[in-house]
Amino acid sequence: MPKLKRLLTQIWPRVAILVLIVLVWWAAYETRYWDPVLLPSPARVWEVLWSNLTGADGLLAVAYRSVFRLFAGLTLAVAIGTPVGLSMAAWKLMQRSVGSLMVGLQALPSIAWLPLAGLWLGFNEKAVLFVVVIGAVPAVAIATAASVRLVPPNLVRAGRTLGAHGWELYGKVVLPAAVPGYIAGLQLAWAIAWRALMAAELIITGARGLGHLIARAAVQRDTPLVLATMVVIMLVGIGVDSLFSVVDRRVRRKRGLLVSG
Amino acid sequence: MSQKRALQVVSGTGSVSPKLSLRGVSKTYRQASGEEVSALVDVTLNVAPGEFLCVIGPSGCGKSTLLNLVAGLDRPDEGEVLMDDRPVRGPGPNRALLFQEPALFPWMSIVRNVEFALELGGAPRSVWRERAMHWLGKVHLSEFANAQPHEISPGMRQRAALARALACQPDVLLADEPFGALDAQSREVLQRELQDVWLETRNTFVFVTHNVREAVFLADRVVLMSARPGTLVAEHRISSPRPRDFADVLLTKVGVDVHDHLLKEVEGLAEAEEAADTDLA
Chain L
1 MPKLKRLLTQ IWPRVAILVL IVLVWWAAYE TRYWDPVLLP SPARVWEVLW SNLTGADGLL
61 AVAYRSVFRL FAGLTLAVAI GTPVGLSMAA WKLMQRSVGS LMVGLQALPS IAWLPLAGLW
121 LGFNEKAVLF VVVIGAVPAV AIATAASVRL VPPNLVRAGR TLGAHGWELY GKVVLPAAVP
181 GYIAGLQLAW AIAWRALMAA ELIITGARGL GHLIARAAVQ RDTPLVLATM VVIMLVGIGV
241 DSLFSVVDRR VRRKRGLLVS G
Chain P
262 MSQKRALQVV SGTGSVSPKL SLRGVSKTYR QASGEEVSAL VDVTLNVAPG EFLCVIGPSG
322 CGKSTLLNLV AGLDRPDEGE VLMDDRPVRG PGPNRALLFQ EPALFPWMSI VRNVEFALEL
382 GGAPRSVWRE RAMHWLGKVH LSEFANAQPH EISPGMRQRA ALARALACQP DVLLADEPFG
442 ALDAQSREVL QRELQDVWLE TRNTFVFVTH NVREAVFLAD RVVLMSARPG TLVAEHRISS
502 PRPRDFADVL LTKVGVDVHD HLLKEVEGLA EAEEAADTDL A
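Going line by line, the protein sequences match chains L and P.
Each residue of the first sequence is one higher than the last, beginning at 1 in my numbering.
Each residue of the second sequence is one higher than the last, beginning at 262 in my numbering.
Treat the hints with caution; some may be incorrect.
Some, not all, of what chain L presents toward chain P, calculated at C-beta under 8 Å [what the hints assert, rightly or not]:
1. 54
2. 150
3. 154
4. 155
5. 158
6. 160
7. 164
8. 176
Keep in mind that the hints were calculated from the coordinates and are not lab data.
Fair warning: this is a prediction, and the values are worked out from it, not measured in the lab.
Yeah, the Cβ is synthetic: ideal placement off N, Cα and C, and Gly gets one too.
All chains, please: the whole structure from these sequences, using the hints.
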């Protein structure tokens, strides 16, 4: 029973905000102030969402392609960004040189790479992946470096007095101590990667993902499908985020870093 | 600057070679502001094998600096730190250090924390659990072996840190106000436990504190440090038999002496600061 109660307290605010938005939307629709082609009713969007869900080019299949690209890009970004970030934390020279480069790259919206990526790699899936990776690498690198630098010095001193040094100290004390910060960094990185991916898919028509679906539907003035796809993008985002949150909460709970259960 | 002459505190056990020896050790730190602060000046001190030494002094007197130098976490600017007549070059498990914060690894259970010390010490995996449980038993923590550090009380955490330090089977135990952050009751319990453990292990102990009662209860010898620059100014031998009790009248008397002495040091510091202020005015 308490578990059910907790679940309910988790769910009702989410439902409430959803209901509120739909109500406002519906009210706006009912005024007939806007052309229903530009602002369809929530019911119409819901209908389109359901009818386009399955099938070879249904929302689910398209969302699957996008999510697959997200994780492919994120995996690459982690594989590149993590060692870069670690080297930034370890050597001042790397921090000053590569670190500044990462800050610069982070300031650059990753979609700005798309024209160049298209010319280099062709306006295809490779260019999309490139944009995703180049968007997420700086976030991963900067978060990795920060998480290592924020390791409590006392834990490192404890490790050293217990006889750990060099790689052993690094692998058995510094890195495990940096894990919570690293996970927080990944949470940021996936969101950046997801947005870069959607933007890239909007522009590159060859990559048939959720972004492309929005672009195509808009050209056909199919606003219900545009909105339905946007809903799916948000839902996927909430889903991926809760995946990271579960890991994050587990790690924090184990270390006593959660304020309340 | 102060013209105070540093006391040369050398242990009376002349025939035995000292376990630890500081010879004319000085250490200066550069603060973030760029100002240089001399933390220790010309400290000479011997610690005999198996001796329990307490270092006491006002806050900011360089007590922690002294420990860091012995632990090998830091190097002296002048003078040398010797252990078994060999210069200390870096940290090592033969000198375990207890911090004011227990500094347990939060991703490991209590028993894993102790096992980790054994792992780093090169003990074979098969004996980790048994030996870790042995040391946890010594500090009455067997029941909490599988708890995470944040799940137990601060006093228990410090006991776990002690078990971890003991598991290294160090020649020398160094402690930097390990009970400073605890409430009065837990502190007293831990002081007694520490006495019991030490009577069994008889490690050489260098224990830094600003609590006079704690110092006289635990120590064979208490050395007093002055502040800014930190140097040794007095020593008191405490010959009360062990196991000691807080009600020990002799201890109380020595405690008063040390306390008065310490107070004079702090007052001297305050006067010196006042004098400096008038100079500026």
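Verification of the supplied hints:
The beta carbon of residue 54 (chain L) is not positioned within 8 Å of any beta carbon in chain P (closest approach about 44 Å), and the interface hint is therefore violated. Restraint check, residue 150 (chain L) versus chain P: the minimum CB separation of about 14 Å is more than 8 Å; hint violated. For the restraint placing residue 154 (chain L) at the interface with chain P, the shortest Cβ-Cβ distance is roughly 4 Å, inside the 8 Å limit, so the hint holds. Nearest Cβ of chain P to the Cβ of residue 155 (chain L): about 6 Å, under the 8 Å cut. The hint holds.
The beta carbon of residue 158 (chain L) is positioned within 8 Å of a beta carbon in chain P (closest approach about 4 Å), and the interface hint is therefore held. For residue 160 (chain L), the suggested interface contact is upheld, since its CB lies about 4 Å from the closest CB of chain P, less than 8 Å. Residue-level restraint check for residue 164 (chain L) holds (minimum Cβ-Cβ distance to chain P is 5 Å; threshold 8 Å). For the restraint placing residue 176 (chain L) at the interface with chain P, the shortest Cβ-Cβ distance is roughly 5 Å, inside the 8 Å limit, so the hint holds.
Comparing the model with each earlier hint shows violations of hints 1, 2; every other hint is respected.
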